[in-house]
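Trainee: Since chain A is already given, all that's left is putting chain B on it; use the hints.
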Amino acid sequence: MSDIIKIKKEYLSKLNNDLDLNNINQIKSELFGKSGKITNQFKKMGSIPAEERKKFSSELNLIKDEIQTIIEKKIKDIEIKEINLKLQNEQVDVTLPERSFNRGRIHPVSQVIDEISSIFSEIGFSVAEGPDVENEYNNFTALNTPDNHPARDMHDTFYLDNKKEFLLRTHTSPVQIRTMQEGKPPFKIIAPGRTYRSDSDQTHAPMFHQVEGLHIDKNINMGHLKGCLNYFIKEFFEVDKIQMRFRPSHFPFTEPSAEVDIGYKLKDGKIIIGEGDNWLEILGCGMVHPNVLKNVKVDPSKYQGYAFGMGIDRLAMLKYGINDLRAFFETDYRWLNHFGFDPLDVPSNYRGLSR
Amino acid sequence: MKFTIDWLKEHLDTKLNDQMIIDKLTNIGLEVESFESQQSEFDQFIVAKIINAEKHPNADRLSLCDVDIGHGKMVKVVCGAPNAKKNLYTVYAPPGALIPSSQTKLSVSKIRGVTSYGMLCSESELKLSNESEGIIDLPSKKYTRKVGKNYFVNKSPKVVDISITPNRADCLGLKGIARDLAAAGAGKLKKKYENKIKFKGSQNIKVKITNDKNQGCTVFGSCLIKGIKNTESPKWLKDKILSLGQKPISAVVDITNYIMLDLNRPLHAYDADKIDQGIIVRNSNKGESFEALDNKKYILEDNMCVISDKSGVLGLGGIIGGTRSGTEKDTKNILLESAYFEPKSIRSTSKILNLETDAKYRFERGIDPNSINEGLIKAATLIQKICGGSISKIDVSKRKKFNNTLIKFPIDLFQKITGFKVSDKEIVKILLDLGFLIKKNKKDLNLTVPSWRPDITQPIDIVEEIVRIKGYDQIKTETPEKVRNKQTLNSQQKLFHFLQRSVASKGYYETVTWSFADTKINDMFKEDKNEVRIVNPISSDLNVLRNSIFSNLVFYLKKNLDRDLTDISLFEIGPVFSGKKPGQQEIVVAALRSGMVSRLNWIEKERKVDVFDAKRDVIQSLIEAGLDQKKFHINSKVPNYYHPGKSGAIYQDTYSNYPVAFFGEIHPNIIQNLNIKTEALIIFEIFLNKIGQFKNKLKDQKKKYEYSDFQKSERDFAFIIDKNFKVQELVKIISEIDEKLIRNVKIFDLYEGENIPENKKSVALSVTIQSLDKSLNDQDLEKINNLIISTVESKSGAKIRS
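For the protein sequence lines, the chains are A and B, in the order given.
Position 61 of the first sequence, counted from 1, bears residue number 60 in numbering that gives the first Met the number 0, the numbering being contiguous throughout.
Position 583 of the second sequence, counted from 1, bears residue number 582 in numbering that gives the first Met the number 0, the numbering being contiguous throughout.
Looking at chain B on its own, in the form it has when it is part of the complex:
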C-alpha cells in the first residue's frame, strides 16, 4: 500500500514529523518498507565542471573536454558549444539519460573518431528556455560545491510504502491508516462532514441479486449520474494518482481509484447507456465469457459471481469490469456501483481464473460492508464537481443484513497473555479510538466490533489490538530459567549427529542438496521404489522427490569434476522418499569418493580408490556410532547401482532382515551414462532408521571389564579353499571353536595363482589364543591347533597348506 504523507494528513491532524509517523506506523504493525520519492527522469542530470578543454583533433568547431562529474570521476565529452571552456560549471547528461527536447536516449558514441561519454547540455535541450547558443553556464560561486549533485531538485513527494498483513483489510485505505495512527496517539482522526448532496430523480436501472446458492454478492448499492462530461482529471487528482506510480486515465476512472485508496472502498462505473435493461447479479454458467478491462477474454466456470444484463456478462463482481459497459471519454451517463462481495467467492473465482486486481485484493480480505453509501456519495460528489451532471438517489439492493460481531472480553486476559498491566481506563480508550462500541460489565467488556474489522472475532484478537497500540516495547523480558527436564535429543537424533560427524571426519565434505531430483538421474538409483512426482515442480529437472541421495550427489560430483577438481569426497545425510504420504521417508547417509588415493605423492604410492576404502569408512563410522563389529554379517546382495562383484551389504547381526549399510564401487554403467570423468568412484550408504536400538547404553557396557594377564600365543595357518568361499565364514568357523580361548583371528595374506589350484585361493591367518584362567602349555596349544585345522577342514572343505 502506497501513499503520501500529505494525503494521510487529509485524514489525520498530527503534529508529528515524517520520520515520527514512519516509526509509529511500523510500531503498530503497519510495517514501512520504504519512504522515498518516485524516481524521475530528471534525476540523471548532474552539475559538472570542465577541467580542461582542447580542440577536437578532427573538427575545428568541436572541443574535447575533460569533465569532472563528481565522486572522483572524470569523463571525456565531445562538445560543439563555443563557450565550452576550462573551469566552466555546467550541466552534464550521462549515457542513458533522456534528453527532454529531443526525447532521445543518450548513448556512448564516437564523434569524428573520438568517443564521447555523455553530453553537456544547453538550456533549450533541457527545455528550460529557447537559449541554444551554448551550454549552460552556471555561476561558479553557487555551484563550486555542487559538482556531482543533481541539477534538478526532485520535487515529487516522498511516498510511503507499507506492507499490510492479510488480516488488516481496513488499512488498505488512507482513512483506516489514519484511524490506527490516531488510536496510537499520533494525532486526531479528522471527522468528515458528509457533503450536502442534492439528489435528482431516482436510480431507474433495475438491480436484482438472484437467490443463487452461495451467491457471492450480498449488497449492491448504486446511483446514476446523468449528463456528465468525462474529461482529464484536474492536476490535484492526477498528482495523487501519479505519486503512487499509477497512470491517470479519465476523471471518472481516476475518481473511483482515488476513493478506493482513500476509503478502501472499491467502486465500479458503468456507461449506463450500454446496460441492456437492468442489472442482474447472479452466478455464472460454465462456458459464459466476456472481455474484461485488461483486454483479455475470460471463459467462466459455474458459480462465479457476475454482474450481468440481459445481453450477458458485464463483469466479474468485485474483481474486474468488462469492456462492453466501460466508461469512455464520451460517456454521458454513468451507473456507479458500490457493493459487498463475499471474500470466499472472490478468492475462489480469482484463483480459478488466475486474476489479480486491486479490487479483488481488497474484497478478498474483507471490505467494510457499511461503507457503501459513504463511497457512493464521496465519488458522486467529486464526479459532479469535475464532470458536471446530476446525481440520482441511491439504490441499495440487499440480500443479507450485516450484523456486527459481538465479543465479551475478560479484561484480565490482557495481562495473562502479555504479562503486563494496562489500566481499564486506557484499554477502553484504545478500543474506542479503534472504533469499538463498549459496555463495561464488572470484569468484562462487551464489545461491538467495528464493521471494517472482519479479522476480529474473539477475545485474543482484542488482546492483540491493545498490545499493538500500546507498543510491543512495553512487554517485559523474562529471563529464561536454565532448567532441563527432558533430554534434548532422542537416540535416533543422537545417532544422526554421530554419523554425520563420523563420516565427515573420514575426509568427506558434507553437502545439502535438494530433496527433489531429476527423474532421469533418479531412475538410475530408484530400483523398485515408487516414483513421487511433484505436481508443480520448480523446473522439469527437479520434478520428483528423490528416491536416493545419490542422484544428486553424482550430479554435483560431475559438476565439480567439470570444474577441473579431482579426488572429491562428498556426503549428505537427509531424507529419501518412497511415497507421497507423510512418513514415507527415511534418513540416509550417502557418501561417495572419487579418483585416487595419494595422487602425485612423493612418499606414498598412488592408487585408485577401491571397495575396501568404502568398507573401511562405513565400518569405522558404524563402530563409532556404537555398533558392534563382531556381530556384523556381510553379504553381496546390493542394489543394482552398485558394481555387482565389488560391493557388499552390512547387517547389524546375522539375524537382521534388513541391511544397515551398503558399500562398494558404483556400477560402471552409471559412470558411462553420466559421462563422469574420474579414475574410480566408490559409494556407501547407511540407513539410520534400520539401525536397531542399542540394548545397552554406553554407561552399562563400560561396567564389565575382563582382561587376562596370562601368556598369549599367536599361531599362523594357511588354508587352501574354494575361491568363492567367504573369508567371513572361515573366521566365524575358527572363532566359534572356542570363544573363550580364541581371542582374535586376523587375515594377513590372500593369494591366488602359481602353486594354488585354479578355483582355489590361499588364506593366511593368525589366531590369537589366550586363556582367562591359566597359562597354556605346549600340550594345550597343540590340542587347540589341531582342533582348528580339523574343524576348518571338515566344515569348509579347506586344506591346510603344508
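So here's chain A without its partners, still in its complex pose:
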C-alpha cells in the first residue's frame, strides 16, 4: 500500500470520531500544515519518476479533496451546533405586547364624501366647492326662491346680519349658481359640503352635510337623471338589486321635481337596503328650472339638465348602521374609534369602495 493510501485510511477513520473544533484543527495542521503529511507528499512530487508522476499526482489530489471536504463539513456542523446552542438561551416571551404604535381614524362623513366622489368621478363629475357663508341671492333668489315665497319657510336660516343679506348656506345648491356664473356649459359637478339650519333636536342638527349634483348640457333629460341616481345608489350601497321610486315633489329651483325613495326592510332592528317593501326617502332632485338658468345667463332653450341634493350624514347612517345623527358632531372618542375608518382605507373604484 502506498503512503498516500495509508494516510487516507488513517485519517478517514480519525475523522469518523466525535471531534471538537480543536481536534479538527489539529488534524488539519497534521495533514496540510507546513510539514503536514499531505503537504510532504506534494513535496515528494519532484522525486517521482516522470512516468508515475501523473498517476501519483491525480491520486494525491483526489485524496486531498476528499479529506478537505470532510473537514469543512465537520467544521460547519460544529458551528451550526454552537449557534443552535446559543439560540436556546436567547428566547423572549413573544406574547408580551409589541412596542406602541399610533392608529388614527377618518370620520364617517369624510369617508362617505370620498366614496361619493369616487363613484361620481367614474361617470365624469368633478368636485366643486363654495363658501359656507353665502349671500341671500345665491342661497335663495337666484335659485328661484324669491323673498315672500313660502318655500323659504322650509329652511330655518342662520343669519349673520340684521338685513338678512349674509347667511349660512341652508343647502349646497348655491354652489350650482357659483359654478354656472363662473363658467360656460356644459357643467357636470358634485358639491359636497357643510350646510346649516337653525333646527336642533334628536333627528336634526344645526349643521349637517349635503352633496349637490348638477349636470347641464344639450339634451340632458329626466332619463339621464334617473340613470345617474340609479347608478349612484347601486354603487354606494354596494348591492346588485335596488328598488328605487321617483315621486313628484316640489323644489323652487327644479321643475319637474322629484323625491327618490329606496326600498328597505327591517331585520333585527337594522335597516337592510335593497330588499323589502318599505320606502325610505333619500334625496331630492329635478330638472333645473329655466328661471335658474336665466339667472346665471345660461340659455334654457339651448341647455338643460338636472340637479340633485342629498344628505351625506344620512347616507352614512344608512350604509354603516349609525342611528344617531347628533353623535356625528359630538366628538366622543370612543364613537370616533368605533365608527371611524382606517386612514389607508381610501375609497376607490378599482379596489372597491369599502373593505
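It is worth saying that the hints were derived from the structure and are not from the lab.
There's no promise every hint is true.
Just some of the chain B residues that point at chain A, by a computed CB distance under 8 Å [as the list claims (entries may be wrong)]:
#1 Gly28
#2 Val462
#3 Pro479
#4 Glu480
#5 Thr487
#6 Ser490
#7 Tyr507
All figures in this text were calculated on a predicted structure; none of them were measured in a lab.
We treat Cβ as the ideally placed atom computed from N, Cα and C, and that holds for glycine.
Mentor: Then chain B, alone, in the frame of chain A:
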C-alpha cells in the same frame, strides 16, 4: 292636510280601494305621510285571562290575581270582585288608562300592602251597563285567542295625512285632491249642482276696499244671514271635524272650517250686530291694536291689511278675526266673508306678527280667486239648513279683475325634458281633466290655466303636470356613460385629501365639529380676527362662527378627559372664518395630542408629549403632502395661544410671507382657564390655502435621478455656540459651504451644562461629504473639513469644541 277617505268620496266617484287611493296620491305628488285611525282612549282596554287567583294576605274580600295580558306578559292585579276566578276571561285596564265611569286615571298602587298593576273592569266601570256586581265575564270560547287584543274595536275612521308642497295650494281642499286623483285615472270628479238658493233682501252692510298702496285685498264677497239660531253642530259635521283631530265649536264656526277644508275656501263669519256701521278694508296704521280670536292682543305696524269698521280693527284679513265681532251661541245675524288676499301681503304681515293660522297658510299659497261665490253659497246654505235664517243677496266688492294665466305650450317640450313620448291626445286629456282650457294650434297648445293653480306660469310647469299625472315610473333609465373629460379634484382638493389622511395616519382621530363656537372659548384663539356673530344662534354657547378650530377641539378634549379617557389625539380639517362675507374663510387642519407617550408601557419609557412630537407630525404630514423639507424655514413667531417658548412657525421657504403651519405646546393659561386635566397638551395647525402651488407635478419631479457611487465620508463636529443661536442657521451655514459636496448635516447631540460656559450650548453634528465626480482623497477631505470649521466660526461666532 288631513282627511278621511269617505270625505274624499263626496267629491270622487271611485272604484279603487283605500290602499290603491293611498298609492295613487303618493304617485302624483301628494305624499301620504300616514294613514291610520286617530288614537282613542278606548284603545287601552285589553282582553285578559286570570291564570291564578288567591286570597289577598291582608283582606278577606280581595283576591290577588295573576293575569295574562297577552304578548307573553303576566301582571299581578288586586281585585275585589267575587267572581275573580282562575281561567276567567275579562277586561284589563293597565296603569295610565282612563276609567270611563269615574274619569280617573289608573296608577300603580298598593292595596292593603300588595302592589296592583292595573285593574280588572266591571261593565259599569266601562259604562257598558249598570252591572257592577263583578268583573266582566267574557265567553271563553269567543275570547280564547283574543288575549292581549283591544276589547273595544276602534270605530273612528282612518285618517289620511298628506304633505302638500308649497306650490299646491289647490290641494289644501278635498275638492282639489279629488280633481288630481280623477285626472290620474282614479275615478271621476263629482259635479256639484249648485243648490237653488232663495235670496232674501240685499246685503245692506256697506263694504269698502280702500285704494291704499299695496292694498292686500282685491275682492271682498259677503252675504248676510239674518235670524239664525247658532247651535251645536249636528253629528255628521262634528264627526268630520273630530276625525281630523279638531274640536267642534259651534255650527257657524264648524261650517266655515268645513268649507275651508272641503273647497280650500277660507271664510269668516262676523256677528253682524257688532259691526259699527260699514266694513272698511284698508291698510293698518302703526300702533293700532285688536284682540284676536286666539285671545291675544296684537299691536300692528303700518300697511297690514285689516278688516275694520268705524270703531277700529275687526281682524287681520285672511289671517285671523277679532273677538269684538266674533260669533257666539246667541248670535242672531251674521255677515259671512269670502275674500281674496294677496299672498305677499299675508306673508309679510304674518311674519312680522309671528302668526300661523289655517287661513293664513292657504292665502299665502294662493286661493282660487273665483271660488268666492261657491264658498259663500255652500256655507250659507248649510248655515240656513242647520241654524235657520234668511240669506241676503251676495255682495262682491272688487278692486282688481282676475285674469287667468295664458301659456303657449310647445308639445315637443314634454319629450325634450322627460325623454319619453306621450301622445298629443293623451296630453290634452290630462290637461283637460286638470281644468285647463285648450286650443290646439299645430305644434302648440294654447292653454288657459285654471284659476286655482297660481303656481303654473310657464311651459315647464305644464311638463311637470303631465309627467306627474302620467307617472314618474314611465321615465326611462338612461345608463350613464363612463367618460371623464375633466379631473375630479383640483390641486387644493387633492391637498385636502392628502393632509386629511396623512394627519390621521399619525394616530389622530378625525372629528367634525360645528362651524360655530362659544364666544368665551373662541376669544382664547381669536387673536386679532373679527368676531363673526350669528344673529339667531341655536343657543348662546354657539353664537359665533369659529375663528379657529381649536375652540371646539379643546372643548371636546375636555369632555373626553372628563369621561376618564386619557392620551387623546384629535384633529379636524375644515373652515375657519374671518368675516361675515362669502369667501372670508379658509381651510385649516387643526390637531391636538394630550397626555403621555407610552403610558404604562413595559418596554418603553413613558414621557409627556412635547413640542417635538408636534413638530414631527406636522413636518411629516407636510412632506407627505408634497412639500420640500429642505426649503422649510422655521421661526418662533406664533399666535398667543401657543406656549411662547415651546412652539414654532413653519414657512414653505425663506421667502414666504405667511407660515403654512404652527406647532407647539398650547399656552398653559388655556389649560388652566378651561381646567383641562392632562399632563401635557400639544397642538399644530396647517393652513391649506397658504400652501403655494407646487411648481412641478410629481411626474416631472421623478424624472431626474442623480446619485453617486463614489465613496462618502462622515465627519463629526462639535461647536460651542450662543444658546440663542438657532440650529437651523448652523445647518444652513454648513450646507451652503458647498452644496455639491455636503450631502447631509445631521444633529446628533445637544449639550448644555458642565464644562460649557453659561449662555452657550454645544451642538454636535455629523456631516456627510460625497462627490458626484470622484472619490475624495485625504487632502480634499481635510480641505473641506477646515473650511467647515472656519466658515462656521466666522459666520456664527461659534468655536469648535476641542
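Trainee: Each of the hints needs a verdict: does it hold here or not?
Mentor: Consistency of the hints with the structure:
{"no.": "1", "hint": "Gly28", "in the structure": "holds (3 Å)"}
{"no.": "2", "hint": "Val462", "in the structure": "holds (6 Å)"}
{"no.": "3", "hint": "Pro479", "in the structure": "holds (4 Å)"}
{"no.": "4", "hint": "Glu480", "in the structure": "holds (7 Å)"}
{"no.": "5", "hint": "Thr487", "in the structure": "holds (4 Å)"}
{"no.": "6", "hint": "Ser490", "in the structure": "violated (12 Å)"}
{"no.": "7", "hint": "Tyr507", "in the structure": "holds (5 Å)"}
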